Structures are given as C-alpha cells and as structure tokens.
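2 protein chains.
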Amino acid sequence: MTEHRFLQACRHEPTDVTPIWLMRQAGRYMAEYRAIRAQHSMLDVIRTPELACEITMQPINAFDLDAAIIFADILPILIGMGLNLDFVKGEGPVIDNPIRSAADVAALRTPPTEENLPYTLEAIRLVRRELDGKVPLIGFSGAPYTLASYAIEGGGSKNHTKVKSFMHAEPDAWAMLMDKLATLIGDYLVAQAEAGAQALQVFDSWAGILAPMDYREKVLPYVQTVIERAQSSGVPVIYFGTNMNGLLSMLPETGADVLGVDWRIEIDDAWDQIGEDFAVQGNLDPVTLFAPWEDIQRHADNILARTAGRAGHIFNLGHGILPETPVDHVRRLVDYVHERSAALKR
Amino acid sequence: MTEHRFLQACRHEPTDVTPIWLMRQAGRYMAEYRAIRAQHSMLDVIRTPELACEITMQPINAFDLDAAIIFADILPILIGMGLNLDFVKGEGPVIDNPIRSAADVAALRTPPTEENLPYTLEAIRLVRRELDGKVPLIGFSGAPYTLASYAIEGGGSKNHTKVKSFMHAEPDAWAMLMDKLATLIGDYLVAQAEAGAQALQVFDSWAGILAPMDYREKVLPYVQTVIERAQSSGVPVIYFGTNMNGLLSMLPETGADVLGVDWRIEIDDAWDQIGEDFAVQGNLDPVTLFAPWEDIQRHADNILARTAGRAGHIFNLGHGILPETPVDHVRRLVDYVHERSAALKR
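Here the protein sequences line up with chains V and C, keeping their order.
Taking our numbering, I'd label the letters of the first sequence as residues 224 to 569.
Taking our numbering, I'd label the letters of the second sequence as residues 224 to 569.
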C-alpha cells in the first residue's frame, strides 16, 4: 500500500498532487464547531476525548483535506507543571500564578504524559479508529520558548518584556525552565506518536519575537532536543513559527523534517534560504480567504508555481485559519490546490 | 563646515563614529515626558508647537544622541481628510467613522499641509531654532498602507482583515484611497523639509503584515511616489517597517536612501539582502534594554561587529523604545555605541 501523499511530502518524496491541510482547520469558522463550543468550554472540549475526536473529524468530513490534526491546545501541558491555566472569554489564556523567580522554576513539576494529558492520547486513539486510514493524523505541542513565554508573562504578551528579561537576568533558572519544558514536550510528542499520531508539529508561535542571537543561544538547543526526541518515535516532525523570516537559514539546525513558513515571504525565497533538503509547509495569507475567489486563486497559483517541480511541498496557510473565514472558500481552495497541482505536474 | 555624522551616514558616507538615535526617543520612559503628558492629552501636545518642541528636546538634552525627531504622530494627518481620530486611554487610536465603501473614499478631503498640520510645521521651526545646529532634525510621516489600515480598520488591528478585504474586493477604491494618501503624505513630507527637517522617515509600521505579492502590487507603487516626492526637497529619506524580513530584497525599489531593519534578523544578513548601495538603520531589540548591562553590551557589540567597515550604518533600535525602559541603560547605550565604534575604526 502506498503511503499517503501528506507523509510522502513530509519525507521529501514526490507526490501525485500537492497535499493540503490548514492550521486550525478544526475551528470557529465551522458552524459544527461553534455548535459544540456553545455548550462546552475550551478546556472541557480538550479534556473530553469524544468531543475532541468529533471536532477533529469535522473538517475531514467537510473537505478533501490530506491530513487531520488532533484537536487540542498547546497550553494544557502547563497545568500538570503546577500553573493555573484558564481560558478567559475575550482575553485568551490566563495563568494567575506565573513564573517570577528561580524558586518558581525549581518548584515546577514534570509529570508523565499519561498522567498530565491522558485525554489527548485517548482522543488520538479515537480519531485513528474513526479515520480508518483515510488520511494521516498529526499530533502537536508548543515549543519550549512559546510555552515559557506564557508561563512567565502569565498569558499572551505584545512585547515579551518579562520573558526576555527573565531569560537575560536569570540564565540558570532559564536553562532549568527550558530543560524541564523540553523534557515534558519531548515525552508528550513521543506519547502522541505511540498513541497513533503519524506526524508531529512543534508550534513555536512566539519565537519569531526573538533576536537571532537570543534564539540561537537561549532557544535553539531546546528545540533541537525536543525534535530529536520526537523523531525517535519514527514519525516526521514539522517545526512552525511566524515572523521567523530573518532566521530561515538557521532553521535547518532545528533538525525538523518539515519547516513551516508564514505568508510574509515568497515560499521559494524561504525555501532557498532553508535549503532544498527540507520539506516546506505553507504559506497562503489566512486573510486572503476573505477575498473574492479570483484573488484567492491568484495567490494559490503563485505558491503552486513557485513550488512546482520541487518534492516536499505541503500546502497550508501561513498561520491559523481565522474564525470568520467563509467556509465555501475553504472548500474551493482545497479542491483547487489538488486540481491545479495535478495540472502543473502533467 | 562638516555635515553631521547622522546625515553623512544617511548619504552612505563614512563617519567618525557610528551615529545613534532611538525611535520614540522622546517618550514615556522619560520622567520629563510623563510630567508634560500628566497635564496634556496626546493630541494637545502634538497641536501645541511649544510643547512638541520641549518634548523633542528632552532626549537631546539628556543623552548624546546624533539626531532629534520631531514630536508628532502619524495619525493626525487623517483628521483633515475627514476622519474622527481620538486617542483613547488604554485602547490607542480610535476612528469612529472608518472607511467602509468607495463612496467614503471619494468623500475624503485632501487639504494642504499648511491647513491640515500647521502645528507640526511650526514645531519644526521652533526645534531648529532651539537645536541651533547641535544635531539634525528628522521629520516623519506614516506610509500609505499604514494610514489606510487605520482608516479602514478604525484603529489598530491584529489581523488586518478589513483593510486586506477592502484592498482585494474594491481595487478601484483602494487605488483612489492610496493615491489620496500618497499625495497628502508627499506634500506633508516636503512641507516638513521646507520648515527645517533635515531628513525624513516614512513609517510603514504595518506593511509587514502583507504577503509580498500584495505589497508589490497594492502598496509599493505608492511608497515609491511618496519617497520620490519627499526626496525632491533635497533631504535623505529613511523607510522603516517591522516584520519585513521576508521582502528585504524588494525594498531597494522603494527608492529610500536608508532602510530601517527590525531586530528579528542579523543586521549584516539584512544588509546583504538589501544591497551594499543603501544605508541601513537598526537594529537592537528594544527589550534588550531591560537586560543587565553586560547583555546589552554584548548585543550592541554584535551589531557593531557586523556593520564594522561598512559606510552608512545608523545605530537604532529595531522598533520604538518601550515605556518602562531604564533611562540609565539608554544613556550607557548611546555612549557605548560611540566609544566602541570609534575603537573599531582605529
């Protein structure tokens, strides 16, 4: 049996047509998702494997996507460490006991995944059964810097003043925090693969706010640890962050199989900086999906033309799909990427 | 008489030491500034030439900076067009009658600068008198896309869904809006030069949120118009935006004399992509100023080492200085850049 085209692309092998999935494809733009969330909180949904499974399957049933991604969130891993996470309506994630000192870091627990995030592992098992081989399932985690930023800032942050100040002023505590996070994240990713995830994405949503020197010294080593550990499970690993176009040439050092690219750069320019040996995922501007279809098509054509003839392109948005995105445009994009890339290969 | 080193660097000429100024150097991190703002609103200060002059001079009197920048804001230009701008505490700028249609664009007025922004021109004249040749004075304006985004979104915006949707769905109205803005901005910049500004910075704070294809087709032509017009006054023009590291190789097409670079890329990598013929301004992470002095020094050393031997580097932050920045670190940075770059040139 042939491997699915999404996994072939992850392994930098040629595919029949360009595979496509969309970050946050299970999300608020779908009425089916909003119906579930009207009755259940974010944390409830994540912690109830049957609901997480149902949401994961919604876009797979609605569109011709080439991969499913488990419905979960990057932050619940922090709960088991001792951080009080809540999702506050209109405010996003809030942690009311953020890390403020080396002692706070020392006190962080590192429970095994089976104890900390059993619900996501169970959801993965359910989804694999439900998918029955239709498309591969992606597991994921936040990366160490991104999780450290939430843990220290106590939520989202515009400038990351607290986390960067901590990183500089407390180098030993920073190393201990990043070590703990890398261990926990690595275990979590391996556990997801063992539960059935066939690829793993590491979201470093916030690392693009760092100067390259700080990224190299204070963050990259821990990304390397996480990715190496995840790959020990035998599945390919995707590394993704936004606003990282100033350090693309450093990203091969992460060791990831696939590098995600945001929409702020032409994908072939990014690929040239990353290097031909890697697979690349991206990079349509999520807001383009609000434009008239002709504009969406023209932007998709641009990406497909710039990746034509290269093995290892996974079509995706350059960031998560937005809540108000027209569903019909999603459907048309998915079909168009398949049709157009098939035509380009002929 | 020799020209000041800041202007020499703008013109890509060698300097005795590396010139330095800081974006938002007249701002909330200074107690003298907070004392004035405690008694006057943002719009009041901008519209009172004596206060704008006093604030402009505060960092010049406190630190050994190589340029002053007129205290003003990019948004008041919109008021004369017919948009109701207000600065709401905790929320930032708000426009309660944002552009929603082609008819709204057609109705926008384009008053002459002398009528629309006389107070900033008068402030420039006062500051030039006060500076008495000590350091050059920079005038500035927002760029067309950045102003269009505020005018259409009605304030700041995370994803720019409205402005990008308008840009795609209403191409003719978009062109008319950008034309009107480019004309008004060009006039404003020339008027500032005529009033005494010796260099002009064009802030495209938000253009880095665009895909390169959209930037090239829908934004760059108007940036070119603005910069060409500004240069007709005979002074050098700096073009700056953040998150533009994916389109650095396109930026020479703006025609700017100096290109500003944010902190998310090593400055020599950026300079190589921009090309040796241009002067470059940047690029210390503003949050680095919160770190222990040794870390600030190491990051400044990194920038100075990477620009050593190249004419046309203006040291600056990679974005505006933050409100809580320690004043003593600002003083030490300014002096250190002079001392260290002098040593590197020996």
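If you're looking for bench data, these hints aren't it; they were derived computationally from the structure.
In this text the structure is predicted, and so the values were computed from the model without any measurement.
A portion of the hints provided could be inaccurate.
All copies of an identical chain are treated as equivalent in the list; a pair is satisfied when it fits inside any one copy or across any two copies.
Calculated cross-link-like contacts (lysine to aspartate or glutamate; reagent style DMTMM-like; alpha-carbon spacing at most 25 Å) [said to hold, decoys possible]:
id, residue 1, residue 2
1, LYS403, ASP500
2, LYS381, GLU547
3, LYS385, GLU337
4, LYS385, GLU314
5, LYS381, ASP500
6, LYS381, ASP558
7, LYS312, GLU476
8, LYS403, ASP287
9, LYS385, ASP309
Do the hints match the structure? See the list:
Proximity of LYS403 to ASP500 under the C-alpha cut-off of 25 Å is found in neither arrangement, the shortest distances being 31 Å within a copy and 47 Å between copies. Taking identical chains as interchangeable, the C-alpha atoms of LYS381 and GLU547 lie at most 25 Å apart whether they share a chain (23 Å) or sit on different chains (14 Å). When the C-alpha separation of LYS385 and GLU337 is checked against a cutoff of 25 Å, the pair qualifies neither within a copy, at 32 Å, nor between copies, at 44 Å. Taking CA atoms no more than 25 Å apart as the test, LYS385 paired with GLU314 passes in both settings, with 19 Å inside one copy and 21 Å between copies.
For a Cα distance limit of 25 Å, the shortest separation of LYS381 from ASP500 qualifies neither inside one copy, at 34 Å, nor across copies, at 34 Å. Taking the shortest Cα distances, LYS381 and ASP558 never come within 25 Å of each other, neither inside one copy (37 Å) nor across copies (29 Å). For the identical chains of this complex, LYS312 and GLU476 are neighbours neither inside a copy (38 Å) nor across copies (44 Å), given an alpha-carbon limit of 25 Å. For the homomeric pair LYS403 and ASP287, neither the shortest alpha-carbon distance inside one copy (39 Å) nor that between copies (44 Å) is at most 25 Å.
When the C-alpha separation of LYS385 and ASP309 is checked against a cutoff of 25 Å, the pair qualifies only within one copy, where the shortest distance is 20 Å, while the shortest distance between copies is 30 Å.
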